[in-house]
Structure formats: structure tokens, C-alpha cells
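Chains as they are written, first to last, in the working numbering: chain A, 60 to 206; chain B, 60 to 206; chain C, 60 to 206; chain D, 60 to 206; chain E, 60 to 206; chain F, 60 to 206; chain G, 60 to 206; chain H, 60 to 206.
These aren't lab readings, by the way, just hints derived from the structure by calculation.
All figures in this text were calculated on a predicted structure; none of them were measured in a lab.
In this text, a Cβ means the ideal position worked out from N, Cα and C, and glycines have one as well.
Treat the hints loosely; a few may be bogus.
[As the list claims (entries may be wrong)] Among the chain E residues that face chain G by a calculated CB cut under 10 Å, a handful are:
1) H70
2) A154
3) V179
4) L205
There are 8 protein chains.
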Amino acid sequence: MLKVYLSGEIHTDWRERIVDGSKGLDVAFNSPVTDHAASDDCGVAILGAEPDKFWHDHKGAKLNAIRTRKGIEDADIVVVRFGDQYKQWNAAFDAGYAAALGKSLIILHGKSHQHALKEVDAAALAVAEEPEQVVQILRYVLDGSLP
Amino acid sequence: MLKVYLSGEIHTDWRERIVDGSKGLDVAFNSPVTDHAASDDCGVAILGAEPDKFWHDHKGAKLNAIRTRKGIEDADIVVVRFGDQYKQWNAAFDAGYAAALGKSLIILHGKSHQHALKEVDAAALAVAEEPEQVVQILRYVLDGSLP
Amino acid sequence: MLKVYLSGEIHTDWRERIVDGSKGLDVAFNSPVTDHAASDDCGVAILGAEPDKFWHDHKGAKLNAIRTRKGIEDADIVVVRFGDQYKQWNAAFDAGYAAALGKSLIILHGKSHQHALKEVDAAALAVAEEPEQVVQILRYVLDGSLP
Amino acid sequence: MLKVYLSGEIHTDWRERIVDGSKGLDVAFNSPVTDHAASDDCGVAILGAEPDKFWHDHKGAKLNAIRTRKGIEDADIVVVRFGDQYKQWNAAFDAGYAAALGKSLIILHGKSHQHALKEVDAAALAVAEEPEQVVQILRYVLDGSLP
Amino acid sequence: MLKVYLSGEIHTDWRERIVDGSKGLDVAFNSPVTDHAASDDCGVAILGAEPDKFWHDHKGAKLNAIRTRKGIEDADIVVVRFGDQYKQWNAAFDAGYAAALGKSLIILHGKSHQHALKEVDAAALAVAEEPEQVVQILRYVLDGSLP
Amino acid sequence: MLKVYLSGEIHTDWRERIVDGSKGLDVAFNSPVTDHAASDDCGVAILGAEPDKFWHDHKGAKLNAIRTRKGIEDADIVVVRFGDQYKQWNAAFDAGYAAALGKSLIILHGKSHQHALKEVDAAALAVAEEPEQVVQILRYVLDGSLP
Amino acid sequence: MLKVYLSGEIHTDWRERIVDGSKGLDVAFNSPVTDHAASDDCGVAILGAEPDKFWHDHKGAKLNAIRTRKGIEDADIVVVRFGDQYKQWNAAFDAGYAAALGKSLIILHGKSHQHALKEVDAAALAVAEEPEQVVQILRYVLDGSLP
Amino acid sequence: MLKVYLSGEIHTDWRERIVDGSKGLDVAFNSPVTDHAASDDCGVAILGAEPDKFWHDHKGAKLNAIRTRKGIEDADIVVVRFGDQYKQWNAAFDAGYAAALGKSLIILHGKSHQHALKEVDAAALAVAEEPEQVVQILRYVLDGSLP
Numbered sequence: 060m061l062k063v064y065l066s067g068e069i070h071t072d073w074r075e076r077i078v079d080g081s082k083g084l085d086v087a088f089n090s091p092v093t094d095h096a097a098s099d100d101c102g103v104a105i106l107g108a109e110p111d112k113f114w115h116d117h118k119g120a121k122l123n124a125i126r127t128r129k130g131i132e133d134a135d136i137v138v139v140r141f142g143d144q145y146k147q148w149n150a151a152f153d154a155g156y157a158a159a160l161g162k163s164l165i166i167l168h169g170k171s172h173q174h175a176l177k178e179v180d181a182a183a184l185a186v187a188e189e190p191e192q193v194v195q196i197l198r199y200v201l202d203g204s205l206p
Numbered sequence: 060m061l062k063v064y065l066s067g068e069i070h071t072d073w074r075e076r077i078v079d080g081s082k083g084l085d086v087a088f089n090s091p092v093t094d095h096a097a098s099d100d101c102g103v104a105i106l107g108a109e110p111d112k113f114w115h116d117h118k119g120a121k122l123n124a125i126r127t128r129k130g131i132e133d134a135d136i137v138v139v140r141f142g143d144q145y146k147q148w149n150a151a152f153d154a155g156y157a158a159a160l161g162k163s164l165i166i167l168h169g170k171s172h173q174h175a176l177k178e179v180d181a182a183a184l185a186v187a188e189e190p191e192q193v194v195q196i197l198r199y200v201l202d203g204s205l206p
Numbered sequence: 060m061l062k063v064y065l066s067g068e069i070h071t072d073w074r075e076r077i078v079d080g081s082k083g084l085d086v087a088f089n090s091p092v093t094d095h096a097a098s099d100d101c102g103v104a105i106l107g108a109e110p111d112k113f114w115h116d117h118k119g120a121k122l123n124a125i126r127t128r129k130g131i132e133d134a135d136i137v138v139v140r141f142g143d144q145y146k147q148w149n150a151a152f153d154a155g156y157a158a159a160l161g162k163s164l165i166i167l168h169g170k171s172h173q174h175a176l177k178e179v180d181a182a183a184l185a186v187a188e189e190p191e192q193v194v195q196i197l198r199y200v201l202d203g204s205l206p
Numbered sequence: 060m061l062k063v064y065l066s067g068e069i070h071t072d073w074r075e076r077i078v079d080g081s082k083g084l085d086v087a088f089n090s091p092v093t094d095h096a097a098s099d100d101c102g103v104a105i106l107g108a109e110p111d112k113f114w115h116d117h118k119g120a121k122l123n124a125i126r127t128r129k130g131i132e133d134a135d136i137v138v139v140r141f142g143d144q145y146k147q148w149n150a151a152f153d154a155g156y157a158a159a160l161g162k163s164l165i166i167l168h169g170k171s172h173q174h175a176l177k178e179v180d181a182a183a184l185a186v187a188e189e190p191e192q193v194v195q196i197l198r199y200v201l202d203g204s205l206p
Numbered sequence: 060m061l062k063v064y065l066s067g068e069i070h071t072d073w074r075e076r077i078v079d080g081s082k083g084l085d086v087a088f089n090s091p092v093t094d095h096a097a098s099d100d101c102g103v104a105i106l107g108a109e110p111d112k113f114w115h116d117h118k119g120a121k122l123n124a125i126r127t128r129k130g131i132e133d134a135d136i137v138v139v140r141f142g143d144q145y146k147q148w149n150a151a152f153d154a155g156y157a158a159a160l161g162k163s164l165i166i167l168h169g170k171s172h173q174h175a176l177k178e179v180d181a182a183a184l185a186v187a188e189e190p191e192q193v194v195q196i197l198r199y200v201l202d203g204s205l206p
Numbered sequence: 060m061l062k063v064y065l066s067g068e069i070h071t072d073w074r075e076r077i078v079d080g081s082k083g084l085d086v087a088f089n090s091p092v093t094d095h096a097a098s099d100d101c102g103v104a105i106l107g108a109e110p111d112k113f114w115h116d117h118k119g120a121k122l123n124a125i126r127t128r129k130g131i132e133d134a135d136i137v138v139v140r141f142g143d144q145y146k147q148w149n150a151a152f153d154a155g156y157a158a159a160l161g162k163s164l165i166i167l168h169g170k171s172h173q174h175a176l177k178e179v180d181a182a183a184l185a186v187a188e189e190p191e192q193v194v195q196i197l198r199y200v201l202d203g204s205l206p
Numbered sequence: 060m061l062k063v064y065l066s067g068e069i070h071t072d073w074r075e076r077i078v079d080g081s082k083g084l085d086v087a088f089n090s091p092v093t094d095h096a097a098s099d100d101c102g103v104a105i106l107g108a109e110p111d112k113f114w115h116d117h118k119g120a121k122l123n124a125i126r127t128r129k130g131i132e133d134a135d136i137v138v139v140r141f142g143d144q145y146k147q148w149n150a151a152f153d154a155g156y157a158a159a160l161g162k163s164l165i166i167l168h169g170k171s172h173q174h175a176l177k178e179v180d181a182a183a184l185a186v187a188e189e190p191e192q193v194v195q196i197l198r199y200v201l202d203g204s205l206p
Numbered sequence: 060m061l062k063v064y065l066s067g068e069i070h071t072d073w074r075e076r077i078v079d080g081s082k083g084l085d086v087a088f089n090s091p092v093t094d095h096a097a098s099d100d101c102g103v104a105i106l107g108a109e110p111d112k113f114w115h116d117h118k119g120a121k122l123n124a125i126r127t128r129k130g131i132e133d134a135d136i137v138v139v140r141f142g143d144q145y146k147q148w149n150a151a152f153d154a155g156y157a158a159a160l161g162k163s164l165i166i167l168h169g170k171s172h173q174h175a176l177k178e179v180d181a182a183a184l185a186v187a188e189e190p191e192q193v194v195q196i197l198r199y200v201l202d203g204s205l206p
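Between the sequences and the hints, there should be enough to build the whole structure, so can you do that?
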């Protein structure tokens, strides 16, 4: 079984397209909490309010790290998607974290980000543009069949 | 001796301010190649031209990775600076890479980036706004003196 | 599944409150032997009496270490509870051991211990006061739902 | 050369007695910042004031962790001293951290703490009561001579 | 259960002979994609054509590395077969990779390759000539019975 | 579940006494091949005769190492029994190997071997004389009950 | 300082060209014994003759492994050269060994070997054809200057 | 520079013969305390008398472990000598410890011990009978010259 962690962009349906496309394959997917509001506020919701936004964010980011670290450390493959919006530094951070652990990295992004992501892409075993390509990679890695 | 790697932004003088401010301290600094043009073109300059920009970038990013990895792996402390311009995904990638190796991370950025960098900051042992604060940290870590 | 080790205080019902509150969640809990007398005397009960109290304690502490080490090494998350009584150095030792292994740490203690536990808290991904908050964290990490 | 980290109690002269007694031996000592006030306030002094005491402490504890981690990770031997006062959970945390990294541990404490420290002592290669015994251990380990 | 990765030559039936011979043993086998054409072209088939043969090969080799690395890292035993044809540098690369990870290596080759493979054989726990000997080794390792 | 590897002496029934005594406990036992003749001759029986006794032994010892290494690496606890006969250097080698991997060691031997085994015992978490004590340890570690 | 291990082909002057070209750079080079006869016969010359060529080779290959392993493990960068002659499986083995340890790999070979070396090249951070390119890489990595 | 740890027998002059023979080579030797009485009594001499011989030995063995572990962990090569007398289980323990850490092992013993040491020899990169052969190995590893 392949354990795959899906990191990065949370505002499009790329995860669903990969998960749906992989039906029938021996793959277990994991991902961060993708509910933006919950992800931002989890820290203060559980551990108490913070007047300072920095610590508000800090508490939440650390709770999310419990899930993210386990997801990456348990994974065989880490897929990191960079979308068109936002800074997405957490996605690049996850990619670096996964690379240092020796995970197989697949980076997913549009052509316009090629230059800005060159260091991230250079650490990857595959750079794809569409979620369906990731599905094809998973199928090939599992049973050797090509599209 | 403290070995410190200075990752991230290459368009302001933050490295110089840290290195100059640390005169007399037992610190050895390392950093990526900060000549933007050399860093972009090193791959093709040494290993041969590529008509496709993706592979042009790819060859260069891999050569730079030889230096970056050694710099991070040898370091006790990795300082990562996020500036006001560009995507800076390589900086976040370095931070993730360093975090996974258990390095002590110091993140340096302006207040406006606090929310976008919350996951990176959450992995750090210090979050500073000015290079002089990094100097003060290095001095305190080495000899216990405060500003 | 999350594997969670519950270290520390053995004289209140905090473990039961976490385990009971986590019913229905995909969590496997582990903990030290919490029978104080058995924990103190296991070494000599099995391996033979010692006239010197130091070696009496030593034999027992080493048997308990077989269980503790496995519990911590197998865990994704290590929760360490500091109560109001006793030195509880073994709890702090477990926290340090878990931190060095890169485990996600949750520290549980009352407000009065904040200053004395600052180094331990600084290594944690969450600091909570009530066992129910730990349950909420586990639920959030598993399925993203907030209280 | 032996690299020795001296962790724990900061209110008596045990470190000086070890360092002075080791004159002429091939040992390099390291230790945390032992100026109590500086150690407590370093975070806010460098990185900015915090109205909440928890975050005041948190910022300081993390700066101190930069020094502590390096000291422990670089060491061959970690000596941890437990005195008669305070909770000293940071000392026990350091001991656990060092144990998990496979460092040779020497624990230094009076007889009255034997039972409370049994788990910590069980992870050690030596348990001593006086700093002079630590000096004798270092001398024996280096050149085989006994007192 | 023994997890066994079968690396190397893809043009004879040695894998089938080992897998068939091991029927009834508690062994799980894994191997690279052995369809030569698929293995060569997988990169461009999924990720897009490359005019330069070097990058054509490069993309494919990296996709295959996702499977190979997982296969070797998950294995208890790595069997590497060297046949009579081709350079087979990937087989020797896999052997080196497995050796550095501390895997138990079994090398399978004819007598004529003995001198050329001496460094690879020197890292192995067994050097065999016939696939049936590998089956006998697996049976002996599992239940102690000899042929 | 506890995974326990039983290393050492093969001429008495100590393994049976531990395995039988542990009926009902959640323990999985593993051990080397204990058929002395098979263990000595496995190498040449499978891989071909050797005129030189050194290489005869060498081939066998390496095949046995495939099983031994996996047994020790997979184990939570390694029990090493030293009997009254033979050099038993392989038992001491296994103990050292297990110690370096951080396994919990239980050493089992009669009083007469105490001085000769002091370095091995010093690396152990328990030193027992009778197999039944090992059973009691396993029971205590699993469910906290004492004899 | 960069530590560079030069593995592979021993029949051309590529090592000299790299070492000579790197005069003045802060690089320490290491390499295997490149005297072919000594390398083949070292085992029996020191440890005694073997009538069987396999064990003759085996003893030598293991002595050479003492040097090779240290060379690779100490290195920051491992350069592996594939020439036009011989099987060179030891070169590919070294490349795999270095890759698994996370070393920065530079592969050096002529165009004709591109397809056969695609898996090895895919693990490298640079693929060069001429020793002078390796010198240029070392210079760039050290001081950022391009040819 | 090669760092070499000389473990095992302390009653003959084999260490002197290796050290003397290696004059002029770039080797740093380390070894356990070879004063038998000091080694046996160091624990109680420094840390206080024990009426029970087991704990007398235990305290000493642990102090010696501080030196032994550092010696082995720092070494590139571990030479283990088995003499004609005593059980020498500590020597075999050191060999196992060094093997698990991936150190290059050289085993030194007379022909009569070949069968009893077959598992230890099987983990070694060289098996020699005379100290002078070890010197020849060190010289060959360092400069490629043969006797």
C-alpha cells in the first residue's frame, strides 16, 4: 500500500480529483485540515483566546503541526500543490520538511510558477500540472500500467 | 563556535548587518550564492545550455542545492529571512528542511507577513523583525549577555 | 490511528477523563504502570530483594523503563501531566526523552506551574490545563472538528 | 578531548568545583546561561515585551533552548545536577533529552532525592553526590587513574 | 513475514522461479516495473514529451525511483540479480543503496561475473548462482529447514 | 504487542520455559535457528561446499545473520541467555548489537558468570537467573501485575 | 572546506585533472586505492593466500571497503566517473551507497552512457562530461564564481 | 586521519605492537583502560563501596562504558582482539556494538577460535592473526602500499 500525503492549496478541488481518480488503487491518502476557518482558529478555540494575533496564529499553527508532521512522516509520497493565490509558504515548508526526511516528492503547479519553484521542483521526483497526472503516477508506481 | 546559515532574501543588506554586527563573536556564517544572475544561470554556464527554461532552471537549482544542503546540514542555527518581494518559496523550503533536521530556526520578517508565515514561525525558536535582533540572539547564546 | 502515550501524574483521574472522552476516536492509548506500589517494588518482587534502597529503586526503575521507552517510541503524541504534588522528575524526563525523538508533545498542568515548566512547555506543540482540552485536540487532529 | 555539558542547578558553585578540579584535563565544558535574571528575561529583552507572563517565559525558554540543545548535542557526557530547591523540571527534561540521544549521563544529587530521581538515575552511567566525584570520573575516563 | 525486494535483470524468468518456489512461505515480494518499454517511457507518457533523450530518460528514471526506493526501504532482504547482458548499473546502484541502509543483501550471478562483482559481493550476506538457492535461503531463514 | 527476541544458549530448554510461561500474553517471540547442525552447515548446504573450514563457517554465519539481524531489529526486547558451556561469543555480540540499537536488554545467566558478564549486564534493563523471571517481567511490562 | 570523494574509473587521468584544476580551492580530495594490482591483491598479500579466486577477491574487496566507506561517509560531495571500459559495478555501487546517505552526487560520463546510467544520473545533483566541469562546480559551490 | 579503537584482550602486548608498528601513519588510537585492577574497582573507588559484588562490578562497568562508548562511536575502525584466556564477553559485546553502528571491524584471534568466533568474524571486514597484519591493513588503507 502507498501512503500519500496531500499538502498545499486548499481552495480548489485538486485533492478530490486525486482521491476520486485513485478509486480501486491500494493507496491511503492523508491531508491537513482543509477547513480554512477551523485551521486558523483551532488553537484559541481549544486552548483559550489570545489578544495578540501572533499568538492566536501560533497556537493554531502548532496544533496543525501535530497532524501535518504525522502525515508527512507516515507517508511514502508527499504531493505538494501550489495554486495561484496566497503566499503558500506552509506548502513550501512541508516540501522542505519532506525532502529532508527522504520522502518521494511530487510537486503540482501551473507553468507560471516554474521559475519561482525551481528549488522545490529540483528536490522532487515528479513535477506535474494536473491532478490526473498524479493519479497516473500512483497507478504506474503500483502496477506498472501507463495511461 | 556557532555555525550559522543565512537563508532567504538576497536583495537587501540583512546578511551584512548580521555579519558586521557579529564581529568579535565566535560565529562562522554561511549562505547561498547571493548573486542573482549567477545563481539563476550556473547550471547552464557549467553544464551546457538548455532550450527549455524548465531544465535551464532545474540544472541551476540542483547546483545551488549542493551548497545549500551542506550549509544547512553543517549549521547549528539556520536564520531564514522573508522580504517584501517575490514568492520566496526556496526560503520556506529551506526552513522546512532545517526543521526536519532539528536545527535551531530563527525566522526574520516584517509584521505584515505574520499570518502567512505562522506555520514557519511555529517551528522556530525565535521570530525577529530586525537583523540586529539576530545579532543579539547570537551574542546571548554565546556569552549570556543581553542588550 | 493516533498512538498516544499518557505520561506523568498517577494520583488523579486525568487519564480516565482523556480515555473516556476519546471514545469513538481512532486513538490507541498507552501509559506507564499507574499502580504506585507495584511500580515501586516490581524490581525486587521479580528479580530479588535488595537491602540498599537505592538498588531496590534502581531495579524497579529499569523494569519500568522497558515499558516507558516502548510507549514513548511507539507514540505519535506524548501527553505529559504535571500535578500538584511530588517532584515528578520522571514526567519531565519523559518529556525530554520524547522531545529528542521528535514526538509531538502536549503538556498538561495548572497555571501555577507555568514558570517552572517554561522549558518543557517551550518544547511542546500544545499546553493545556484540562484533560478535556486534550480530547478536543485529539478530535481536531483526527477529523478537523472543533468544540 | 571530552566534551561535557553541565546542566541543572544554578544557585551553588558545583560547576566551578568541577571546572576548577578538572584543570589540566583534556575537557571542554559547556553549560546553560547561569545568570538567573538574564535567563528569565532574554526573550523579551531581545524580541520585545509580552504582557502575558506565559509568552514572556515562552520567548525566553526558546532562546535558551538554542544554547541548551547545541550544548547537549555536542557533548560526550551530560552531567545533571539536582539541588535542594525549586522544581528543576528543566534539569530532568535535559536528562531525558540527553538519554534519548544516547549521551553518557552522570547525575549529581544528595541522598534525599534518591527515590524521586530513580527513573533519572536508572538512565545514568554514574550517580554521584559531590562535584569532586565527577572530576574523578572525568580523570579516570581520560587517563585511567583513580583517586 | 519476510519482505523481499527483487532488483536487477528483467529479461529472464529468475523472479518467477523465486516467487513460484517460495509458495507457502511467509514472504512478500516486491520488484521494479519489469516491462522494459513502460519503464523507459513512463516519464514522458505521464508528464509530457521531451525532445532531448537525456530528459526523456531522466523523467522516467525518477518515476521509477519512487517505486524502487519504497521497495528497498520496506524490505528486509534485497536480492540483486546480474545477468549476462547490458551494463546493469541500476542493479549495482540498488545494491549500494540497500547496503548503506543496512539491508540484508543476496547477490545472484553466474561465475563469470565474480571478479567484476567482488565489491558488491563483499557487501552481501549470500552470493548465489541459481534462483532456487535464494528460495532455499528464504526457507532456511524462516523455518530453519535445509534442502 | 511486545516483540521479543530470544538470543543465546541453544542446549537447554530456557526458550520453551519462557514461551510456555507466556501463554496468554500479547507477546510474539523470535529466535535464531536452534538446530545446531543446521545452523553450522546451512551455508555450504545451500551455497556449495568449501574445503576450508573458515569459509565453511563464514558462509553459514552470514546466512544466520539474515535471520538474527531481522530478529533483533524488529524486537522491542532482546533476551540474551548465557549458559554454562561454550564461548557464546555470538550471544555477547547480539547483546552489543541490540544495545547499540537502543533495544531493551534482559540478560539471563547464573551467578557464576556475574563478573565475566559485568559489561553486558551494565547495558541491560534487567539481569535474571531463571526463565520464569523473564516471563514475570513480560507480564509486568504488559499489564502491571506482579507475581 | 568541501570534502570530495572521487570514485570510479582508475585508468585515465580524470582525478589528476580535477585535483590539479582545484588548486587554490578549499577542497580536500579522497579516493580509493587506484593501483589496480594492489587493489586486487591487498587481501591475500596481508591476510594470507587463498586457492579459490572468489575468496582471494573477497578478502581484497573487504579491505578496500574500509577505505571506500570512510571516504564516502566523510564526504560532502561524491563524484563518480564511468569510463569506456569494464563493468564498473563498484562505481555504481558507490553511487547508490552515497545516494542512500544523502550525499551530493556528481556523475561524470560520456554521452554514450546516458541511457544506461539514467537511474544513477537521476539521483545526482549534476551530470558532467568533463573533469573540468567538476572543477567549475566546486569553484561555484565554494565562492559563487562562474567560468 | 584514521581513528582506531583497540578493544579486547588486555594481558598481552598486542596494542603496543600495533601502536609501535603504526609510527608515522596518520592514525589516532584509543582503547579501554587496560589496568585490570583499576578497571575492576573504578566504580567503588570513586562512587563508594558496595557490599554486594554484583553492584561493585556494576558501578565499575558503567564508568568504563563512558570511555568505551565514546571510543567506539568516534572510531572509523574498531579492532577487537580475542586472546586465549577468559570469557572475553566484553570484547564480543564491543564487536556487536560497533557492527550495529556500521563501523569497519577488524577481528584479531588465533586459529583455534575460528569456529567459536564465526558470527563475529562474519561481521568483520578483516580477520587477522597477528597485530602486524593490522598495521599492514592500516598502512594500506591510508596510502595503498602493501608489505
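Contradicted hints - numbers only: 1, 4
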